[in-house]
Structure formats: structure tokens, C-alpha cells
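Novice: Given next are the chains, with one letter for each unit.
Protein chains: 2
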Amino acid sequence: MKIAIPIFDRFTALDAVGPYEVLSRLPGATVHFLAAEPGPKRTETGMLALTADLALDELTSPEIVVVPGGFGTRELMGDEQILDWLRRAHETSGWTTSVCTGSLLLAAAGLLDGLEATTHWLALDALREYGARPVERRVVEHPEARIITSAGVSAGIDMALTLAARIAGDELARAIQLGIEYDPEPPFDSGSTAKATPEIIALVRGASGRLA
Amino acid sequence: MKIAIPIFDRFTALDAVGPYEVLSRLPGATVHFLAAEPGPKRTETGMLALTADLALDELTSPEIVVVPGGFGTRELMGDEQILDWLRRAHETSGWTTSVCTGSLLLAAAGLLDGLEATTHWLALDALREYGARPVERRVVEHPEARIITSAGVSAGIDMALTLAARIAGDELARAIQLGIEYDPEPPFDSGSTAKATPEIIALVRGASGRLA
Chain E
25 MKIAIPIFDR FTALDAVGPY EVLSRLPGAT VHFLAAEPGP KRTETGMLAL
75 TADLALDELT SPEIVVVPGG FGTRELMGDE QILDWLRRAH ETSGWTTSVC
125 TGSLLLAAAG LLDGLEATTH WLALDALREY GARPVERRVV EHPEARIITS
175 AGVSAGIDMA LTLAARIAGD ELARAIQLGI EYDPEPPFDS GSTAKATPEI
225 IALVRGASGR LA
Chain Z
25 MKIAIPIFDR FTALDAVGPY EVLSRLPGAT VHFLAAEPGP KRTETGMLAL
75 TADLALDELT SPEIVVVPGG FGTRELMGDE QILDWLRRAH ETSGWTTSVC
125 TGSLLLAAAG LLDGLEATTH WLALDALREY GARPVERRVV EHPEARIITS
175 AGVSAGIDMA LTLAARIAGD ELARAIQLGI EYDPEPPFDS GSTAKATPEI
225 IALVRGASGR LA
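Those sequence lines, one after another, are chains E and Z.
All residue numbers for the first sequence refer to this note's numbering, where the first residue is 25 and numbers rise by one.
All residue numbers for the second sequence refer to this note's numbering, where the first residue is 25 and numbers rise by one.
Derived from the structure by calculation, the hints contain no laboratory data.
Hints may be right or wrong, so weigh each one.
Which copy? The list can't say, so a pair holds if one copy fits it or any two copies do.
As the list claims (entries may be wrong) - With a cut-off of at most 20 angstroms between alpha-carbon atoms, the simulated EDC-like pairs for lysine to aspartate or glutamate come out as follows:
| hint | residue 1 | residue 2 |
| --- | --- | --- |
| 1 | LYS219 | GLU209 |
| 2 | LYS219 | ASP194 |
| 3 | LYS219 | GLU195 |
| 4 | LYS26 | GLU160 |
| 5 | LYS219 | GLU99 |
| 6 | LYS26 | GLU68 |
| 7 | LYS219 | ASP137 |
| 8 | LYS219 | GLU165 |
| 9 | LYS26 | ASP77 |
| 10 | LYS26 | ASP81 |
Note that the structure is predicted; figures quoted are calculated from it, not measured.
Put together the whole structure using the sequences plus the hints.
Specialist: Here it is as C-alpha cells:
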């Protein structure tokens, strides 16, 4: 089973690495990081590079697609190379998925037209502009459309465990959860706009993307 | 504020990237990935490479150290270059921390002698052999010793939020939690040995590290 994670400059590392850490544990799975131009791709901060080992055209029919987000998505909203790759990959994929603002790329490719979908909470309006129906949920699954979108950054771990269960069954997904010891104990309860105070929400909104 | 994340071949990506995603959002922080030999370092699966931009001797006095785990730690347990770097970095660091089996390296460097510490649940016995007192907790903090250890893989996110609060205060840590939308909703409740069934625990134990 080939799993494709397309990356690009100014992506968010955890969007890609959370699902990688879950899905790479599926029996028979190989995760491929790929990009228009193979090589190191830097995150938004510039502090970290992940390597894209393949070019997009070297893997056009993956069984699973996971599209991470990040500010770099904005520059790709009109990039026909990546959008066309997504459209073609989705023709044959078992599941096409996104984390955070990765859903903006799925939407720009026309894959979310009229569908409920999610993204980072700061990007819900942008998602609407591209034809999806944004909802504030952590994971939004459409089995008939073979699409799953997830909320910001860390939500990719929850999405990938959901996906692992669809692919390999609940028992194996539970084993992977134990393997990565995903028994979250955040020291605060401030991880969504429903739970954070207005002051904290304003702090993140006002930080020009430095905190989001 | 310089934050050092030493990486090595056969490390676990999420161990490093979870804390990176939190700590890179601290005001004035720069996260440096470093290694004995700079360049791409591959994870245990070989499917993903992160780039170490600096050599260990290019950054010997970071304010924060985060040591990830992975099977590659085993080959480094007698590697004086990394162990000596850890000892020297800890002399001046504000906090020296680990995720997963990264604590085995801290223990091998002598930094956990007699201290309560944690690691991936499958490595608790190994941690004892190196002089620490293993405990099954998600995050174990020693303010006086300036050391924090955390449990397996995904626990680094919780550890890093705890650390962010120590460094920059609760309000900023809460803002970072909202920024990365860390409001976990795992689809199962199987993330620790206290919660998983005996069958799931046996499945992970029997998988020769493929699931852990």
C-alpha cells in the first residue's frame, strides 16, 4: 500500500509527521514524501527541512493521499501541477485526506465542492471561498467521496488513527495508538476556540501567523 | 533562545517534530536540528529524512535540549561524542528534556542517576539499567535538576507545552495549544498500558518494534 504525502516549502511539519507516524505502522504500507521538485522542503519557520524523496510524477496512483497544510498552501492555490496531481491521484486512491490548511488545496482542486470539510480554525472562511462547506469539527469523513479532512496541525494524528481503523480494522488502530503512546494529557484545555478564552483567541489571531 | 534537537539515524520523527512544533512558536526561539554529522537523518522506517543543519560541536550551549528517541538510541548508548555533548550542554542549559527512548541517552550520560524518569512503556526496564528510577507517567519534571522526561512518541507534545509554560508562562502556552489546535479526540482509548486490553498490549509487544 503506497501512501503519498506531498510536501512543499513553508509546510507545517506536524501536519505531515503525525499521520506519517501512524500510517507507516500499517502492515505493508510504505509512506512516500514527494514534491514537484524532490529534495529538502523547509517548514514555515525555516528551522526544519524534511526530504521529498520522489517527484509528484513518480507516484501518480497512491492508495492513500495525505495533504499537509501550512502557509505554503497559499502559493499553491493556483498551481496546476499540484492541483492536477491531486485530481488524478483521487481518481484511483482509496482515501484522499488533509490536515489543517491542506484542505484548501483539496478544495482548490475541486475535490470538496459542496462537501462539509474542515481546516485550521483560522482558515474556515478561506475554505468556504473554494467551494467547501466548512464545519468546526476535528475530523470530517465522507466514505462515499473517499475524503477525510481534519482540523489544525495536531488533528492529523486523530485523522490518521481513524483512517488506520478504516484500512486495517479497529484492533490494529488501537495497537498503533498504544505503540505511539497516544494517551494525550495536555497541561491546559485551550486547544479549540470553544475552549480557549477570548483573550487567548485574540492573542493567536493577532500574532500574524507566528502562533498558528 | 537556542533550542537544540539532536537527531540520528533510526530516530522517531514525531518525538522530535511534536516538541519542534510547540517550541518553535516561543517568542525569540530558534530550534536547531543537529547531529554528529550534519545532513539528512532517516527515521526507523527509512521512509522519512529530517535534515540536521548543524554539527553537535557548532552548538554546545543551547538554552533548551530536547532528545528524541527511536531504535537508533541503542547504538548510541556507548557513543561518547553524543553523551559528552549531552553532559556539557546540560551544564548550562535551562532545561534538558527527552521524549520516548531519548531518556535512555540522558541516563547513559549520567544525567538521570537516581532520578524518577519516564520513557516509552516498552523501555522502562532498560531505563532502570542505566540508573534512573522508571515511572509510568506521561511527563516527569525535575525543576531542581532542570530535567523533564516524557513517555512514548506523542507524549513530547504534552511535555513541550509544559516546558513552554515554564519558559514563557501559561498564557502563551495556551495560545500555542490553540495555534496547533491540540484538542485531542483519539477515536479509541488505547494509548497506554493502563487503558489498552491485554490482547492489544500483546500485539504491540509481539510485533518486534514494528508497531512501537
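Novice: Each hint should be assessed against the structure and marked as holding or not.
Specialist: Hint check:
1. LYS219 with GLU209: both (15 angstroms within a copy, 14 angstroms between copies)
2. LYS219 with ASP194: For LYS219 and ASP194, the Cα distance is within 20 angstroms only across copies (15 angstroms; inside one copy 29 angstroms).
3. LYS219 with GLU195: between (31 angstroms within a copy, 14 angstroms between copies)
4. LYS26 with GLU160: For LYS26 and GLU160, neither the intra-copy (30 angstroms) nor the inter-copy (36 angstroms) Cα distance is at most 20 angstroms.
5. LYS219 with GLU99: neither (31 angstroms within a copy, 44 angstroms between copies)
6. LYS26 with GLU68: Between. Shortest inter-copy distance 18 angstroms satisfies the 20 angstroms Cα cut-off; intra-copy 27 angstroms does not.
7. LYS219 with ASP137: neither (30 angstroms within a copy, 40 angstroms between copies)
8. LYS219 with GLU165: Neither: 23 angstroms inside a chain and 26 angstroms across chains, both beyond 20 angstroms.
9. LYS26 with ASP77: Within one copy, since 14 angstroms is at most 20 angstroms while 29 angstroms is not.
10. LYS26 with ASP81: within (14 angstroms within a copy, 39 angstroms between copies)
When the structure is compared with the earlier hints, violations turn up for hints 4, 5, 7 and 8 and for no others.
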